[in-house]
Each structure stands twice: as structure tokens, then as C-alpha cells.
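*Asks:* Given next are the chains, with one letter for each unit.
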Amino acid sequence: MTVQDFNHCVDNYSDGVYRFIVKNIGHDADAQDIVQTAFEKLWINRDKVETDKAKSYLFTVAYHQMIDHIRKDKKKSTTDNFEEVKAHTQTSNNSELKQILLRAINELNPTQKSLVLLKDYEGYSYQEIGEIMNLSESQVKVYLHRARLILKGKLIHLQKMSA
Amino acid sequence: MKINMQNYESYCLLYIDNELSAADRMELELFMQAHPTLANEFAALQQTVLTPETLLFEDKAILYRYDEMEASLPSSFKQSLYRQETKVVEAFFTNQRMIGIASIAAILLLLLGYKIYFTNQVIHKNEIVQNDNHQIINKKNTDSVSAKTSIDIENKPLTKYKSEMAVGVSNKLFINEKLPLQKEPNFIQQETKTIDATITTPTINLKPIETETNISAIAENSSPNRTENTNANLNNTDNQIEEEENYNKINTDEHDRTIYIANFEIDGDKLRGISRRFNALFKRNKNEKQK
Numbered sequence: 001m002t003v004q005d006f007n008h009c010v011d012n013y014s015d016g017v018y019r020f021i022v023k024n025i026g027h028d029a030d031a032q033d034i035v036q037t038a039f040e041k042l043w044i045n046r047d048k049v050e051t052d053k054a055k056s057y058l059f060t061v062a063y064h065q066m067i068d069h070i071r072k073d074k075k076k077s078t079t080d081n082f083e084e085v086k087a088h089t090q091t092s093n094n095s096e097l098k099q100i101l102l103r104a105i106n107e108l109n110p111t112q113k114s115l116v117l118l119k120d121y122e123g124y125s126y127q128e129i130g131e132i133m134n135l136s137e138s139q140v141k142v143y144l145h146r147a148r149l150i151l152k153g154k155l156i157h158l159q160k161m162s163a
Numbered sequence: 001m002k003i004n005m006q007n008y009e010s011y012c013l014l015y016i017d018n019e020l021s022a023a024d025r026m027e028l029e030l031f032m033q034a035h036p037t038l039a040n041e042f043a044a045l046q047q048t049v050l051t052p053e054t055l056l057f058e059d060k061a062i063l064y065r066y067d068e069m070e071a072s073l074p075s076s077f078k079q080s081l082y083r084q085e086t087k088v089v090e091a092f093f094t095n096q097r098m099i100g101i102a103s104i105a106a107i108l109l110l111l112l113g114y115k116i117y118f119t120n121q122v123i124h125k126n127e128i129v130q131n132d133n134h135q136i137i138n139k140k141n142t143d144s145v146s147a148k149t150s151i152d153i154e155n156k157p158l159t160k161y162k163s164e165m166a167v168g169v170s171n172k173l174f175i176n177e178k179l180p181l182q183k184e185p186n187f188i189q190q191e192t193k194t195i196d197a198t199i200t201t202p203t204i205n206l207k208p209i210e211t212e213t214n215i216s217a218i219a220e221n222s223s224p225n226r227t228e229n230t231n232a233n234l235n236n237t238d239n240q241i242e243e244e245e246n247y248n249k250i251n252t253d254e255h256d257r258t259i260y261i262a263n264f265e266i267d268g269d270k271l272r273g274i275s276r277r278f279n280a281l282f283k284r285n286k287n288e289k290q291k
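As you go down the protein sequences, you meet chains A and B in turn.
Just so you know, we're using the working numbering here: the first sequence kicks off at 1 and counts up by one.
Just so you know, we're using the working numbering here: the second sequence kicks off at 1 and counts up by one.
I should point out that these hints are in silico values taken from the structure, not numbers from a laboratory.
Don't take every hint at face value.
Taking lysine-lysine pairs in the DSS-like style, the calculated list, with each CA pair at most 25 angstroms apart, reads [unchecked claim]:
#1 A:K53 to B:K60
#2 B:K60 to A:K41
#3 A:K48 to B:K2
#4 B:K2 to A:K141
#5 B:K289 to A:K55
The whole structure should be built from the sequences, with the hints applied where relevant.
*Replies:* Written as C-alpha cells, this is what we have:
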């Protein structure tokens with residue numbers, strides 16, 4: 001991987017990695033540190049990593065860094081995470097359904113949340129998600145379907161509560 | 001048809017995850033149109049899908065890399081900067097080694113002293129034996145001389161006898177070593193005088209233990225009959241003296257066993273005792289090991 005290829009990866013994948021991490025942990029500064037660490041490792045291993053595998057490599061490194069960060073810092077509450085996420089959201093979609101869904105996602109466990117985010121935001125297949133999260137394809141399928149059903153139940157419940 | 005009431009939910013989940021083929025997607029859409037009661041459930045599952053948000057990583061500049069960052073020093077210059085650890089030379093004379101060397105030196109000194117002590121003893125014994133032999137030879141010489149003089153006294157003139165007796169006296173004096181050699185001429189003169197006196201007044205005295213009496217006895221025995229008896233007596237008495245002297249000088253118990261190593265004075269008896277104890281200790285250790 002040349003310097004140009006690396007800088008191209010920065011342009012194309014840094015926002016996605018940052019979004020994935022900040023949606024998971026909800027803390028901007030920590031998310032930036034994790035992204036920086038992921039790109040630092042990519043730079044160190046640029047001779048081993050192929051350019052077309054750079055995106056999954058970045059997400060893999062960032063995911064494991066995030067897991068380590070979550071294990072070290074479990075004091076953060078889900079409410080705080082939600083507030084942080086809301087502060088960095090630049091979209092104008094402030095619909096009620098969106099807020100309810102974000103709240104429901106924050107109540108999932110980190111694995112389920114990562115599965116949903118990787119699937120919905122990045123569009124990875126089950127196989128790619130399995131490679132990033134070190135899970136089998138069937139595990140990804142089962143865990144993700146379970147997360148969807150949980151989210152569906154929460155949405156129905158919250159919609160009834162709001163109505 | 002693959003989709004039915006039992007498996008439609010999993011097909012719906014695969015549909016929203018975009019994991020179905022185009023044919024399966026079409027089949028599920030037809031299934032939902034056929035079962036409008038399941039459409040609300042399918043719509044609820046579709047609501048769980050997040051719409052992508054745009055979040056930007058603002059500090060991309062800290063992530064960029066430049067060619068200058070890859071600049072590196074040539075390997076030859078790097079090698080000139082390397083430092084190697086110098087080997088630490090271990091001290092040869094450590095405490096343990098010094099103790100070992102000192103113990104070996106002490107043992108060698110003990111063995112050397114022991115060896116010197118016994119070689120001195122042997123040399124001393126040999127000297128004593130040589131002196132005794134020399135004494136015996138000299139005494140025999142004197143006896144032969146005295147016998148000669150006693151035999152020749154009858155035939156030889158008195159002046160010649162005097163000279164021969166003087167030689168015998170001088171030999172006897174050399175054996176006794178009681179008188180200094182410087183006084184020998186005077187002594188010889190005195191002895192010659194006594195010989196002169198005894199010759200003029202011949203009296204028989206058959207107990208010649210000392211040299212002077214020997215000479216006088218020899219001189220007195222001017223007659224050939226008496227000379228034989230006196231010679232026999234002289235031989236007997238000489239043998240007795242030799243035995244006594246030999247016995248006295250060979251007895252090594254009275255010798256001083258002090259050993260001198262440089263300025264150190266070591267008692268030989270004690271050293272011998274220590275060496276015996278060492279030997280006994282080594283033998284005991286050897287026996288214990290063999291057991």
C-alpha cells in the first residue's frame with residue numbers, strides 16, 4: 001500500500017469508522033482516539049494489508065479497540081451515550097420514530113448494536129460482519145435476527161407508550 | 001413454494017438485511033400480498049432498519065501520511081550509530097579462588113616443610129655415620145701408626161720415633177677436635193717432651209683411654225713382648241669407645257627438630273603430629289566414602 005492509497009483510505013473510510021465507533025460508545029473524543037489508532041495500525045501494516053481489504057481491516061481494528069475501551073470504561077450510562085450521539089448527529093431527521101429507534105438500539109448489548117450498525121450503516125454481508133467481529137456467518141445471522149426482533153418489540157412498545 | 005406461515009419471519013429478516021436473492025425477494029413480496037394480515041408485522045421489522053447518518057471525522061489531517069514521513073536514514077549511517085556492549089571481564093582472583101589458592105599454597109608449604117625436615121634428618125644421619133666412619137678410620141690409622149711405632153721402636157732411632165709419634169698425636173687430635181689446630185704445634189712439642197720423658201723412665205701403664213696416656217703407653221712399651229699386649233688392649237678399648245660414640249650420635253631423639261621456613265620457626269614434632277592427623281582424617285573420609 002502506497003502513501004496515496006493510505007490517504008485514499010483516510011478520505012473514504014475514516015467517516016464510516018468514526019460513525020460506527022461513536023454510535024457504539026457515544027463518546028466523541030474516545031471515538032476519535034480509536035479511529036486514529038486504527039489508521040496507525042493500518043500504516044504500520046501497510047505492506048501486509050491489501051488496498052481492497054483496508055476497509056474491513058480498519059473496521060476490525062476499530063471494533064476490537066472499541067471492545068477493549070468498553071471493558072475498561074463501563075461507567076458510561078446508555079443515556080449519556082444517547083446524548084452524545086444526538087449531539088454529533090448532523091442529519092435533520094428528528095422524527096419521533098428515529099428517536100425511538102436510537103433509544104432502542106442503545107438498549108441493546110454491544111454485540112447486537114455493532115451487528116445492526118455494521119449491517120445498516122455499512123451494508124456489510126453476514127460473512128464480512130463475521131470476519132470483522134470474529135463470528136461465524138450463522139452466529140451473525142442468529143444474533144442479528146434476535147436484535148431485530150428485540151428492536152421491533154421495543155418500537156411497538158414505545159409507539160404504544162407515546163400514543 | 002418455499003415461504004410459508006412457519007418460516008416467513010426469517011424470510012422477512014433476511015429481506016430487510018438484503019440477504020435474499022432477487023427471486024426470493026419477489027416470492028416474499030407475493031407472499032405478503034397474499035397474506036395482508038402479516039403486512040403490519042413485516043412493516044414493523046422494516047422500521048428497525050437504521051437509515052445511514054452522515055457523521056464526519058473532522059481531523060482527517062492527523063491521519064494523513066506524506067512521503068517525507070517515509071524518509072529513513074541509510075543503513076550504513078544507522079550501523080555507525082549502533083553501540084555494542086563491551087564484554088565485562090570477570091575478575092580472576094575472586095574470593096573463592098583466593099581461598100582455594102591460599103589453601104593449596106598452605107598444603108604445598110606443609111608438604112615442602114615436611115620433605116625438608118626429613119631430608120635434613122637423613123643428611124644429618126649420613127653426616128654422623130660419615131663422621132663415625134672417619135673416626136673409625138682415623139682411629140685405625142692411629143692404631144696402626146702406634147703399632148708401627150711400637151714395633152719400630154726397637155729398631156728405629158729415637159728421633160724417627162718422635163716424628164712418627166707426633167704424626168699419630170696430630171691425627172688423634174684431629175679426631176677429638178677438642179683442641180684448636182693452631183695449638184697443634186705446641187701440643188706436639190709438649191707431647192714430644194712427654195715422650196722423651198717417658199722413654200727415659202719406662203713404666204708400664206695398661207689403661208690407655210685418653211690420647212696422651214695412649215701415646216705414653218705406646219712409648220712405654222719399648223719391649224716387643226709388651227707391645228703386643230698393649231696393642232690388644234688398645235684395640236679393645238677403642239672398639240668400646242667407638243660403640244659408645246656411635247650409639248650416642250645415632251640417637252636422633254635428642255636432635256633439635258625445629259624447621260625454619262624463611263623467618264618462621266616450626267616445631268617438627270608438632271608438624272609431624274598435624275600431618276598424622278591429616279592423614280588419619282583423609283583415610284577416615286575415604287573409608288566413609290567407600291562405605
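*Asks:* For each hint, tell me whether it holds in the structure or not.
*Replies:* Results of checking the hints against the structure:
1. With a C-alpha separation of about 20 angstroms, the suggested pairing of K53 (chain A) with K60 (chain B) holds against the 25 angstroms cut-off.
2. Restraint check: the Cα-Cα separation between K60 (chain B) and K41 (chain A) comes to about 16 angstroms, which is no more than 25 angstroms; the hinted pair holds.
3. Proposed proximity of K48 (chain A) and K2 (chain B) is contradicted: the alpha carbons are some 44 angstroms apart, above 25 angstroms.
4. Between the alpha carbons of K2 (chain B) and K141 (chain A) the distance comes to roughly 19 angstroms, so the proposed pair stays at or under 25 angstroms and holds.
5. Straight-line distance between C-alpha atoms of K289 (chain B) and K55 (chain A) comes to about 77 angstroms, which puts the hinted pair past the 25 angstroms bound.
Against the hints set out earlier in the document, violations occur for numbers 3 and 5.
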